[in-house]
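In this text, residue positions in the sequence shown follow my numbering: the first is 340, and each later residue adds one.
None of these hints come from the bench; they were simulated from the model. Each residue gets a CB set at the ideal place from its N, CA and C atoms; glycine is no exception. Please note: incorrect hints may appear among the correct ones.
The calculated label-pair distances, taken between Cβ atoms and stated as ranges, are [what the hints assert, rightly or not]:
| no. | residue 1 | residue 2 | range |
| --- | --- | --- | --- |
| 1 | A945 | D1015 | 21 to 27 Å |
| 2 | S476 | Q583 | 26 to 32 Å |
| 3 | P775 | T622 | 18 to 24 Å |
| 4 | S742 | V803 | 44 to 50 Å |
| 5 | D463 | A615 | 24 to 30 Å |
Below, computed lysine-lysine pairings styled on DSSO-like, alpha-carbon distance capped at 30 Å [stated by the list, open to error]:
| no. | residue 1 | residue 2 |
| --- | --- | --- |
| 6 | K934 | K761 |
| 7 | K506 | K712 |
| 8 | K703 | K805 |
| 9 | K761 | K703 |
| 10 | K506 | K415 |
| 11 | K703 | K750 |
| 12 | K805 | K761 |
| 13 | K829 | K714 |
| 14 | K612 | K576 |
| 15 | K750 | K829 |
| 16 | K934 | K920 |
| 17 | K1013 | K884 |
| 18 | K506 | K355 |
| 19 | K991 | K911 |
| 20 | K829 | K889 |
| 21 | K703 | K797 |
| 22 | K477 | K415 |
| 23 | K355 | K1042 |
| 24 | K750 | K761 |
| 25 | K911 | K1049 |
| 26 | K355 | K492 |
| 27 | K797 | K761 |
| 28 | K1009 | K934 |
| 29 | K797 | K535 |
| 30 | K1042 | K884 |
| 31 | K490 | K714 |
| 32 | K998 | K1013 |
| 33 | K535 | K477 |
| 34 | K1013 | K991 |
| 35 | K991 | K805 |
| 36 | K884 | K757 |
| 37 | K355 | K535 |
| 38 | K829 | K805 |
| 39 | K805 | K754 |
| 40 | K757 | K1042 |
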Amino acid sequence: MTTQSTSFRLFATCAKGLEPLLFDELTQLGVSEVRQTAGGCWFQGELADAYRVCLWTRLANRVLLTLGETFIKNAKDIPVAVAQTEWENIFRADQTFIIDFSGRNHEIRHTQFGAQLIKDGIVDRFREQGLPRPNVSKELPDIRINAHIQKEKLTWYLDLAGESLHKRGYRQQQGSAPLRETLAAAVVLRSGMTNKTNLVFDPFCGSGTLLLEAAMIRLDRAPGLTRTEWGFQRCAKHDETIWQQIRADAQQRFDSALAQADARFIGYDNDAKMLAIAEQNATRLGIANLCEWQRMNAEQVTAPSELSEMPGETPLLICNPPYGERLGEEIETLLLYRRFGAQLREHFHGWQVGVLAGDDTLLKRMKLRSNRKYKLFNGAIETTLALYDLTQEQPEFTQTQSSDLANRLKKNWQKLEKWAAKEGVNAWRLYDADLPEYNAAVDVYDDCLVIQEYAAPKDIPEAVAKDRLWYLIDTLAQELPFSAEHMTLKVRQKQSGKQQYQKQEPRGLVRIVHEYNAQFEVNLSDYLDTGLFLDHRWARRELGKISEDKSVLNLFAYTCSASVHAALGGAKEVVSVDLSKTYLAWGQRNFTLNKLFGRQYQFIQADCMQWLREQRPQQRYDVIFLDPPTFSNSKRMEDVLDIQRDHVMLLKLAARLLKDNGVILFSNNKRRFKLDEELLAEAYLVVEDLTQRSISPDFARHKGIHYLFKVRQSD
């Protein structure tokens, strides 16, 4: 850096997707030779231009002043090339610096190695000039150097910004899903915000970032006016006089616009803490008197009608609703978009609307026709900004789906709810892919619904399958008495190995359900399964009926629901065996829930197959309940279990522990399971098929959902 009249080659970096907007912004700021490229824009400018861009850019993350570039063939050439820069004219030896290095090639494979080579070149230059070597500091360095390598071309820069320019200085606290200020500014600009827009409204305002970025555009306020630290301030050739003049001009422009402003910026949110933070942010910007913050649910929001007739351009609604990224939030988010869309159509005629969403399918649930869409990135998350012109008529989308689904759900509900109440259960299956295009199961657990999406056939496009699933959920919410927060969604595909009991993102949707005279704890959100296999309800009751004064063994006990039925049925001893410590602890809670205490109830953590092999043949149990998984290869198991291949072996091992006249209740869920009666007969085991009797009305559509057999030793 030399004098004010020197023209520099500079590069303004930005997030992916913002390059065209940045190009326009730099052009409006009066710099020359602006050229757009991936990740930012090149431009030419004098020192004052560089200062002005730093202060006024709403979209750039950094402003980099080119110090040198070269083509390198070997890594050892880098320090030599970098040492040609007159570093002693950029910063002093007693100042600290840091290197930000990006890119890689065949020579430079790690950014840390690249940064080390740049540092070596800088230090070598100071030594060559007979000066002390400056030190690197990761904490608050005086000077930040940026270097980038692409193929064989290496370029190094002085970072004029210091900290990223998205840090405006007004936001000192933020919410759990913050929107970067530069992206917020892009959303506002793309949505049509100008210095004549007098009414801006955000019904999901959080800490107010979108509204405050809009306000700065309307009030001609430079985004950097609140910042106190800049990368160029400690540079040897920094001109404080020029900088203070540029800053003073910006302050004067803001003061003038603020004095004349007749604008309102209104933010709603359902989190009072976020609204308090938004108010503090507005105060730091000096615009608190133009802002209004209210606690409100966006699903019930209406337009601030008394302000809609304000002079100026069309009022603007901008928002960034929740993305529903965490597992279990999808349904709440889906229904939120659906209801929010309905509110927009009904109450915001005459407005321009910009909605930033994490998923295009969520935008579809709003049932509004967008006139433009832009792909933007919120960090690593790809988002879509959809613009809606509500000054035009917005007819409800033509309903492409028929009313068959709604009719089927209502019919099933009316029929099965009465059956369940009479039966004495409040956990049951409402719907199981009754209509093939809506390929999911829906289970009722007291006041909650669990929707389990089956994997779509390969010939069905993913977008089609997802749209059908959303329509199913939408219809459930409209036709049945369940709130969104009491619904949870799971993707149920063919599981194998460690997938079969995968834990989901914790959400804690736990209920106590009743099944005849038993009660069970179910977790509807945090595991693939809920802790209670509903289709085995009849088998559990049957076990209870035959357990009075009997010794009962429950193998592959899971959460011990069958053991509870046996104990409630009067069993004198119940032994539950399972490999999972988690599920056995759950089973013990189920025993406590049913007030079942005593040493006669045992819980053994073990690999069931190995445990059976280790037992000496002796008559110990009157009843054995055997409900193994279809397939298991848990790391803690010594063997791989395949129920079709291994069921005869399992039954023979179990039969060794039966008392005279003892029985085994053997069930499994393998589709198209074939019992090998011939091999069982050779082992002197006779079988009674109870499958058809065991399938209750809520599972009647799928006769093959499970199999149940009563196995005895032949006389």
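Structure-based check of all given hints:
| no. | hint | in the structure |
| --- | --- | --- |
| 1 | A945 to D1015: 21 to 27 Å | 26 Å, holds |
| 2 | S476 to Q583: 26 to 32 Å | 27 Å, holds |
| 3 | P775 to T622: 18 to 24 Å | 58 Å, violated |
| 4 | S742 to V803: 44 to 50 Å | 19 Å, violated |
| 5 | D463 to A615: 24 to 30 Å | 53 Å, violated |
| 6 | K934 to K761 | 24 Å, holds |
| 7 | K506 to K712 | 27 Å, holds |
| 8 | K703 to K805 | 11 Å, holds |
| 9 | K761 to K703 | 41 Å, violated |
| 10 | K506 to K415 | 37 Å, violated |
| 11 | K703 to K750 | 28 Å, holds |
| 12 | K805 to K761 | 36 Å, violated |
| 13 | K829 to K714 | 28 Å, holds |
| 14 | K612 to K576 | 44 Å, violated |
| 15 | K750 to K829 | 24 Å, holds |
| 16 | K934 to K920 | 21 Å, holds |
| 17 | K1013 to K884 | 27 Å, holds |
| 18 | K506 to K355 | 18 Å, holds |
| 19 | K991 to K911 | 24 Å, holds |
| 20 | K829 to K889 | 39 Å, violated |
| 21 | K703 to K797 | 23 Å, holds |
| 22 | K477 to K415 | 24 Å, holds |
| 23 | K355 to K1042 | 53 Å, violated |
| 24 | K750 to K761 | 17 Å, holds |
| 25 | K911 to K1049 | 21 Å, holds |
| 26 | K355 to K492 | 22 Å, holds |
| 27 | K797 to K761 | 41 Å, violated |
| 28 | K1009 to K934 | 34 Å, violated |
| 29 | K797 to K535 | 52 Å, violated |
| 30 | K1042 to K884 | 24 Å, holds |
| 31 | K490 to K714 | 28 Å, holds |
| 32 | K998 to K1013 | 27 Å, holds |
| 33 | K535 to K477 | 44 Å, violated |
| 34 | K1013 to K991 | 17 Å, holds |
| 35 | K991 to K805 | 46 Å, violated |
| 36 | K884 to K757 | 24 Å, holds |
| 37 | K355 to K535 | 28 Å, holds |
| 38 | K829 to K805 | 13 Å, holds |
| 39 | K805 to K754 | 28 Å, holds |
| 40 | K757 to K1042 | 22 Å, holds |
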